[in-house]
Structures are given as C-alpha cells and as structure tokens.
Amino acid sequence: KAGVTQTPRYLIKTRGQQVTLSCSPISGHRSVSWYQQTPGQGLQFLFEYFSETQRNKGNFPGRFSGRQFSNSRSEMNVSTLELGDSALYLCASSSYFSGGAAEQFFGPGTRLTVL
Amino acid sequence: TQLLEQSPQFLSIQEGENLTVYCNSSSVFSSLQWYRQEPGEGPVLLVTVVTGGEVKKLKRLTFQFGDARKDSSLHITAAQPGDTGLYLCAGDESSGDKLTFGTGTRLAVRP
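Residue numbers (this note's numbering), protein chains in the order written: chain A, 1 to 115; chain B, 1001 to 1111.
This is chain A alone, in the form it adopts within the complex (with noise of 0.2 Å):
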C-alpha cells in the first residue's frame, strides 16, 4: 500500500501571498488531519477532515482553510502569508484501531519558508 504523499514538498512564498498544499491519504483511509510543526511550538493540529466535513479545527487564525475531495484527498490554504507561518506542514490519514483509537499515518511532510 502507498504511504501518505504530500504535494510540494519545499515551497517558499514571500509575505502576503497564499499557498496551496496537497495530500493524498492511505488507499481506504476517509480520514485526514493537518498539523503545523515548528521548533518552537511543536506539532499542532490544524483540522481533520472526514467524508468531506471538516471534523475537528484546532486554534489557528481564519487564514488557514482545508477542504477534502469525494476521493479522500485533501488541500489546505494559508493566505496572506506571514513570516511566522514557516514551518512543516504535515498531514495524516487515519485508520482505526481496534476500540475505536485513531493510529495516525503521516506524510513527509510540505516544508513551507516565507520570505
């Protein structure tokens, strides 16, 4: 079975401009999350996405969106750029796990500079 691919994998935008980042999940997997990482804050979760529905939404400002295809895959948005927004993106598909916990797969990751 493929892995979790995220679409471009180093992006460097300046301040101001928007971004669109991709991700395909596991064959089968309905589920996706975003999450930010940097050194400084860690991983944070950013949304899931379900059947198309944004499911849970972490607490990031309203310039971040993400919307999930009849097909699973997923893209999220960041507009007007800020310096702080630099950082990895990461997303996950999801499987269950017997008893209803969710085991999380991760792509590599988009590597996403603003300048």
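Hints in this document: simulated from the structure, not taken from any laboratory.
One or more hints might be untrue.
In silico DSSO-like pairs for lysine-lysine, Cα to Cα no more than 27 Å straight-line [stated by the list, open to error]: (1) 13/A to 57/A; (2) 1070/B to 1056/B; (3) 1070/B to 1059/B; (4) 1056/B to 57/A; (5) 1070/B to 57/A; (6) 1070/B to 1098/B.
Derived list of chain B stretches under chain A, where covered just means 3 residues or more per stretch with a C-beta under 8 Å from a C-beta of chain A [as the list claims (entries may be wrong)]: (7) 1040-1051; (8) 1101-1110.
These figures come from a predicted structure and were not determined experimentally.
Idealized CB from N, CA, C, for every residue including glycine.
Based on the hints, put chain B in the right spot on chain A.
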C-alpha cells in the same frame, strides 16, 4: 487545552546505554501513541496503547501506559545509533482524530 509534557527534552547517550522517556498529562486519554520522527520526514507510528497499565514491547522498546491513562513511558534497552530521532507521544482524548502531541524528546545515540 490539554498539554502533554515530555521529559527529558534532549538526551545524548552512548550506544549500548538504556534510557527512559516520560510523557505526562493532567488529562485522561482514551489512547496514547508514540511516534519517532527523523529530520525532514513525518512522524512514524511506533505503538498505540489503550488500556491503563498496558505494557507493549517492540524489540528493544518497551511502552507503558499509566494505570490512570494520564501518562506513559518509553524505555529503550541497549540504544543504537539508529534509534536517534525525535520521539513524540500523542494522546487521543475521545477516540477521534484530534491528537494532542507532546513537546517531544530529541534523542542522539553516539556510536
């Protein structure tokens, strides 16, 4: 907002030594997972524990979930340079897909 504190934050040891990483919270989790992340890559799931007091062994790695399901530990026996990486614990509050990640422990194993 839940917080998962990991200790120590950094650990540099010699090959062959043993080590323990701790993950603590004041909140109860329905399950807890451990991941290892290498530079430039996403975290890789090592184990999931769901029952209070549960102990799981994965070769030289031993994971324990606290009786009250608020804390966990990862013990590595005879560490090897290949164990080097960032170790993250992550708690699932309600059997959903919103994981709260710990602060991370960066391990370096010197040959």
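Against the structure, the hints come out as follows:
With a CA separation close to 25 Å, the supplied pair residue 13/A and residue 57/A stays within the 27 Å bound. Restraint check for residue 1070/B and residue 1056/B: satisfied, since their Cα atoms lie roughly 17 Å apart, inside the 27 Å limit. Proposed proximity of residue 1070/B and residue 1059/B is supported: the alpha carbons are some 25 Å apart, at most 27 Å. Among the hinted pairs, residue 1056/B with residue 57/A is inconsistent with the structure: their alpha-carbon atoms are about 31 Å apart, more than 27 Å.
With a C-alpha separation of about 23 Å, the suggested pair residue 1070/B and residue 57/A falls inside the 27 Å cut-off, and the hint holds. Restraint check for residue 1070/B and residue 1098/B: the C-alpha separation of about 17 Å stays at or below 27 Å, so the hint holds. Three residues within the 8 Å Cβ limit are the bar, and the region 1040-1051 of chain B against chain A gives 8, so the coverage statement holds. Residues of the region 1101-1110 of chain B with a Cβ under 8 Å from some Cβ of chain A number 4, which satisfies the need for three, so the listed coverage holds.
The structure fails hint 4 only (numbered hints given earlier).
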